[in-house]
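Asker: Chain residues, written in single-letter form:
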Amino acid sequence: MSEPHRFAPLRLRASGLACRRGGRLIFEDLSFALAGGEALALTGRNGAGKSSLIAMLCGRLRPAAGEVALDGADDAPLAELSHLVGHRDGLKTALTAQDNLGFAQDCLGDPGLTPLAALERVGLPHVAALPVGYLSAGQRRRVALARLLVARRPFWLLDEPMSALDLAAQAMLSGLMQEHCRMGGAILAATHGPLGLAEARELRIGA
Amino acid sequence: MSRAFIAILRRDLALAARAGGGGELALVFFLTIIVLVPFALGPDLNLLSRIGPAILWIGALLSMLIGLDRLFQSDEEDGSLDLIRASALPLELAVLAKGLAHWLVTGLPLALAAPLLGLLVALPGAAMAPVAGTLLVGTPALSFIGAAGAALTASLRRGGLILPVLVAPLTIPVLIFGVSASNSALGGTIPFLTPFLILCALSLLAIVVGTVAAAAALRQAE
Amino acid sequence: MASLIELANPTRFMRLSAVLLPWMLGAMALALAVGFYLAWFVAPADYQQGETIRIMFVHVPAAWLALMFYSMMALSGIGTLVWRHPLADVAQKAAAPIGACFALICLLTGAFWGKPMWGTYWVWDARLTSMLVLLLIYLGIIALWRTLDDPSRAGRAVAILTLIGFVNIPIIKFSVDWWNTLHQPASVFRMGGPTIHPSMLWPLLILALGFTLLGLSLHLIAMRAEIMRRRVRTLTILEAERLDRLAAQGAPA
Numbered sequence: 001m002s003e004p005h006r007f008a009p010l011r012l013r014a015s016g017l018a019c020r021r022g023g024r025l026i027f028e029d030l031s032f033a034l035a036g037g038e039a040l041a042l043t044g045r046n047g048a049g050k051s052s053l054i055a056m057l058c059g060r061l062r063p064a065a066g067e068v069a070l071d072g073a074d075d076a077p078l079a080e081l082s083h084l085v086g087h088r089d090g091l092k093t094a095l096t097a098q099d100n101l102g103f104a105q106d107c108l109g110d111p112g113l114t115p116l117a118a119l120e121r122v123g124l125p126h127v128a129a130l131p132v133g134y135l136s137a138g139q140r141r142r143v144a145l146a147r148l149l150v151a152r153r154p155f156w157l158l159d160e161p162m163s164a165l166d167l168a169a170q171a172m173l174s175g176l177m178q179e180h181c182r183m184g185g186a187i188l189a190a191t192h193g194p195l196g197l198a199e200a201r202e203l204r205i206g207a
Numbered sequence: 001m002s003r004a005f006i007a008i009l010r011r012d013l014a015l016a017a018r019a020g021g022g023g024e025l026a027l028v029f030f031l032t033i034i035v036l037v038p039f040a041l042g043p044d045l046n047l048l049s050r051i052g053p054a055i056l057w058i059g060a061l062l063s064m065l066i067g068l069d070r071l072f073q074s075d076e077e078d079g080s081l082d083l084i085r086a087s088a089l090p091l092e093l094a095v096l097a098k099g100l101a102h103w104l105v106t107g108l109p110l111a112l113a114a115p116l117l118g119l120l121v122a123l124p125g126a127a128m129a130p131v132a133g134t135l136l137v138g139t140p141a142l143s144f145i146g147a148a149g150a151a152l153t154a155s156l157r158r159g160g161l162i163l164p165v166l167v168a169p170l171t172i173p174v175l176i177f178g179v180s181a182s183n184s185a186l187g188g189t190i191p192f193l194t195p196f197l198i199l200c201a202l203s204l205l206a207i208v209v210g211t212v213a214a215a216a217a218l219r220q221a222e
Numbered sequence: 001m002a003s004l005i006e007l008a009n010p011t012r013f014m015r016l017s018a019v020l021l022p023w024m025l026g027a028m029a030l031a032l033a034v035g036f037y038l039a040w041f042v043a044p045a046d047y048q049q050g051e052t053i054r055i056m057f058v059h060v061p062a063a064w065l066a067l068m069f070y071s072m073m074a075l076s077g078i079g080t081l082v083w084r085h086p087l088a089d090v091a092q093k094a095a096a097p098i099g100a101c102f103a104l105i106c107l108l109t110g111a112f113w114g115k116p117m118w119g120t121y122w123v124w125d126a127r128l129t130s131m132l133v134l135l136l137i138y139l140g141i142i143a144l145w146r147t148l149d150d151p152s153r154a155g156r157a158v159a160i161l162t163l164i165g166f167v168n169i170p171i172i173k174f175s176v177d178w179w180n181t182l183h184q185p186a187s188v189f190r191m192g193g194p195t196i197h198p199s200m201l202w203p204l205l206i207l208a209l210g211f212t213l214l215g216l217s218l219h220l221i222a223m224r225a226e227i228m229r230r231r232v233r234t235l236t237i238l239e240a241e242r243l244d245r246l247a248a249q250g251a252p253a
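Protein chains in written order, with our numbering: chain A, 1 to 207; chain B, 1 to 222; chain C, 1 to 253.
Treat the hints as calculated values from the structure; they're not laboratory data. It cannot be assumed that every hint is accurate.
[To be verified] Counterexamples of contact, computed for chain A against chain B with all Cβ distances above 10 Å:
{"hint": "1", "residue": "Arg60"}
{"hint": "2", "residue": "Leu165"}
{"hint": "3", "residue": "Met183"}
{"hint": "4", "residue": "Glu202"}
[Stated by the list, open to error] Calculated pairs, SDA-like style, for lysine to any residue (alpha carbon to alpha carbon, straight line, at most 20 Å):
{"hint": "5", "chain 1": "C", "residue 1": "Lys173", "chain 2": "C", "residue 2": "Ser130"}
{"hint": "6", "chain 1": "C", "residue 1": "Lys115", "chain 2": "B", "residue 2": "Asn46"}
{"hint": "7", "chain 1": "C", "residue 1": "Lys173", "chain 2": "B", "residue 2": "Val37"}
Quick reminder that beta carbons are idealized off the backbone N, C-alpha and C, glycines included.
Model the full structure from these sequences, guided by the hints.
Answerer: Written out as structure tokens, the structure is:
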């Protein structure tokens, strides 16, 4: 990668968000702000609406009330400025890890590391040419996380990013997240365990 | 932006070429239908030859429908659709890329194979080019009408069952003009070009309407 | 039985087949050369059908082999399901495309033969139609192989499908004959049957032998390729896991 340049200052403001699914109120009156360089750990019991909130932020779910605003971006929707790594890893089992990442890069635009370099960062250079279907759950999760590196986007929306990762890989991910924050990026991660980020704030929903 | 378009197109073609891709299955299904019809009608070549274009069109239409349910469903299941939604590429263009890929791996081979399968139903030589031609311009309509249905059923587990029921009635005009153009090449009072041009128009319309409708359905996924 | 189990060992099979293959290929070349020479230059043209009768020398062996390979697949299917023979599903997977090719050759040569005889490339004659249905069953089996990724799961599924097909083939053949006699106009030409002249029978038998050897050699080659493909697959997965462990040890958190 060339000179690591910082992201333009951005600020995400969510105010009075409510989520209703299947007629059931999941959460309401949720407000928070997230600026570049910050990390927000989203916690709460199962079913509290963590995944729903992430779906809402990336535009897949319409909030029942409230709004999400973005300061500093000229009209680009949040979905086009954010990475999403969730339970569904977005990988095609028949294609190689490298092809999958190449596709993600072409799709998401604003290329960062090359797919190979990104795989190297997550400690998987040796699986580049393997079909993803051959990989273990932890390896697949790491390939999905490598997607964060092949395209430069300021917001990382992560749903249980630590699941299926062993200790070494968790440390690797913590390192990646710290670096992202240093470069002015923002992270919102739904999690049950620690993220390994000292300065992360916690947002508890569905208390 | 065009990079994302080409990436989606290339990925879908690569996936179709890998194990279990739908393209060759559609061809086999096409062949199967053509084989089944004479068992019902009897092996009278004169009869078969007279209704040959109709048999080929029905076969091609049904073959286009199988596997269509996976067009968006597989992307929805593994999360690739989130990736495509997160792209700066408008969803309409993403749908266009996927529909185009679907046509390239199913519609195009069906149209090219039609004259060969026409031999089985003693299709007259004069009708071979018209049948292949009408399938060539008519199958894009099927791909894109199907894409709209596939987008509506993308997040349904039983989408594969409901999809043909949704889509088949919408394909009736394509079937009417496809078969009548093929038949008019064999003689009759209507000139070939009249139904053929209507068929072209139907295809163009389906590409536009199907793309917009599918994109709208995918946006409303939840 | 003991020797069969020894042969079942893929390593032993690889060694044995490597020895066997050159001999089979040699015998095949000889049989095909002699057979084609006799068929082309020695056998007389038919008094009714003229030179086109020579298509028979390819058409008939292809039909036999299409059936033979399906029977072999059915046997392998039993091998997979009953004896859990480690080579059975390999044999079956390798046989399917070869059998399908022979069925296709039979159909194509039949079409080329039909054009001068019947004036059309295709008639819904009972024999040709049954062969077409056999080709469809072959294609279904190949499609199932291609759809299922994991070889051991695919092996069982395909074995079941093959056996269903095997039970069904006589029923299909019977039904097609029935259907055909209901509809068939009487004017259709029938092939000579058992009254074939020795000057034609010999080249036919020699060519049938040659084509059988060709099919079996291809089958062995395809089986070897399939065994190696599976080894490569397993080794790649193991290697990826090993490197993963190494990387994890090398860079402790």
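Asker: For each hint, tell me whether it holds in the structure or not.
Answerer: Verification of the hints:
no.: 1; hint: Arg60; verdict: 6 Å, violated
no.: 2; hint: Leu165; verdict: 17 Å, holds
no.: 3; hint: Met183; verdict: 20 Å, holds
no.: 4; hint: Glu202; verdict: 25 Å, holds
no.: 5; hint: Lys173/C - Ser130/C; verdict: 6 Å, holds
no.: 6; hint: Lys115/C - Asn46/B; verdict: 16 Å, holds
no.: 7; hint: Lys173/C - Val37/B; verdict: 17 Å, holds
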